[in-house]
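Numbering (UniProt numbering), first residue to last: 1 to 283.
Calculated directly from the structure, the hints in this document are not laboratory data.
There may be inaccurate statements among the hints.
Cut-off 30 Å, straight-line C-alpha distance, at most; resulting in silico cross-link-like pairs (DSSO-like, lysine-lysine) [claimed, not checked]:
{"hint": "1", "residue 1": "K2", "residue 2": "K43"}
{"hint": "2", "residue 1": "K28", "residue 2": "K48"}
{"hint": "3", "residue 1": "K108", "residue 2": "K218"}
{"hint": "4", "residue 1": "K218", "residue 2": "K232"}
{"hint": "5", "residue 1": "K138", "residue 2": "K53"}
{"hint": "6", "residue 1": "K185", "residue 2": "K237"}
{"hint": "7", "residue 1": "K91", "residue 2": "K53"}
{"hint": "8", "residue 1": "K185", "residue 2": "K138"}
{"hint": "9", "residue 1": "K91", "residue 2": "K59"}
{"hint": "10", "residue 1": "K24", "residue 2": "K108"}
{"hint": "11", "residue 1": "K182", "residue 2": "K218"}
{"hint": "12", "residue 1": "K91", "residue 2": "K130"}
{"hint": "13", "residue 1": "K185", "residue 2": "K108"}
{"hint": "14", "residue 1": "K59", "residue 2": "K138"}
{"hint": "15", "residue 1": "K130", "residue 2": "K46"}
{"hint": "16", "residue 1": "K43", "residue 2": "K19"}
{"hint": "17", "residue 1": "K108", "residue 2": "K130"}
{"hint": "18", "residue 1": "K108", "residue 2": "K59"}
{"hint": "19", "residue 1": "K162", "residue 2": "K178"}
{"hint": "20", "residue 1": "K19", "residue 2": "K59"}
{"hint": "21", "residue 1": "K48", "residue 2": "K162"}
{"hint": "22", "residue 1": "K24", "residue 2": "K53"}
The following label-pair restraints were derived from C-beta to C-beta distances [said to hold, decoys possible]:
{"hint": "23", "residue 1": "D84", "residue 2": "G235", "range": "33 to 39 Å"}
{"hint": "24", "residue 1": "E248", "residue 2": "L40", "range": "46 to 52 Å"}
{"hint": "25", "residue 1": "N54", "residue 2": "G264", "range": "42 to 48 Å"}
{"hint": "26", "residue 1": "A15", "residue 2": "E188", "range": "44 to 50 Å"}
{"hint": "27", "residue 1": "K262", "residue 2": "K19", "range": "29 to 35 Å"}
{"hint": "28", "residue 1": "F266", "residue 2": "D57", "range": "35 to 41 Å"}
{"hint": "29", "residue 1": "F25", "residue 2": "H161", "range": "35 to 41 Å"}
{"hint": "30", "residue 1": "K171", "residue 2": "Q134", "range": "32 to 38 Å"}
{"hint": "31", "residue 1": "E74", "residue 2": "N47", "range": "18 to 24 Å"}
{"hint": "32", "residue 1": "K171", "residue 2": "E27", "range": "39 to 45 Å"}
Even for Gly, the Cβ is constructed at its ideal location relative to N, Cα and C.
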Amino acid sequence: MKKIINGFRQIFDFAILAKNSNYKFGEKLQIFWVLLTTYLGSKFSKNKREITKNIFDYKVTAYDYDTLLYLIIEIFLSTDYYFDIETDSPKIIDCGANIGMSILFFKKLYPDCSIMAFEPNPYAFELLQKNVQQNNLKNVELHNVGLSNDIGEIDFFINDHKGSLQGSFNKERGGENKIVVKTQKLSELIRDNHFDLIKIDIEGAEIQVIEDLFSKEKIDHFNRYKIEYHHKIGGEKSHLSSFIQQFEKNNFEYNIRTNFSKIGEFQDILLDVYKSRKMSKMV
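Take these sequences, add in the hints, and give me the full structure.
Set out below in structure tokens:
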């Protein structure tokens, strides 16, 4: 009985999420339907293969219902990656694209945007390619490499579940299974000196990427940063102040959002870093 009650509560929460979203009425109905059917699939489906759902005008393939449900809520129903800009064709860098949900979000927001995306996890990259191809997305460039402050190869940790979102160079954040992936410097891959947005969610490697951009004097090539900063992974020494200082030295401003944790515990911190308030505002 308790499970049934909790199930109805969850469905009610989905209805509230859809109702309070920034989408049009018809789109709110669509998003509620995909939340509902994905949730029911996670509870009752015995399908162990890839699953595909329609989200707005896009087809999205994932390894399992739970991961897909999480990504829909995290990306399409939050304002974390939303940005407002005057051009209809912004240039975007996506570091840690996973299976491509953020790319679909950016394409819905700005259909004519161009995106350069990076994802080191070979299993996630396989679906990233599939989701880009099956939606016929244009001006999307994919790279199956990890980003760091060095070029070469590095150990990358994942768990047994192919759909996991926590692949990382850091074993504490990744998993027990070790593979080797190629690394590149973002500073040597960007060809333009101006990008409208860079989204970074790379499970701890954000420190090395920003160090690389800062040392090559390319940190100001981006108008706005959306960074998932991973604070105190494995109880490591704090680096947040030195990380933010690199932006302050280049006249960036920022907003910070996080939940309070117990002393010494890991925190997932969202940093919204921008050049000027005129450039964009969060909704």
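Next on the checklist: Checking each numbered hint in turn, tell me which of them this model violates, lowest number first.
Outcome noted: none
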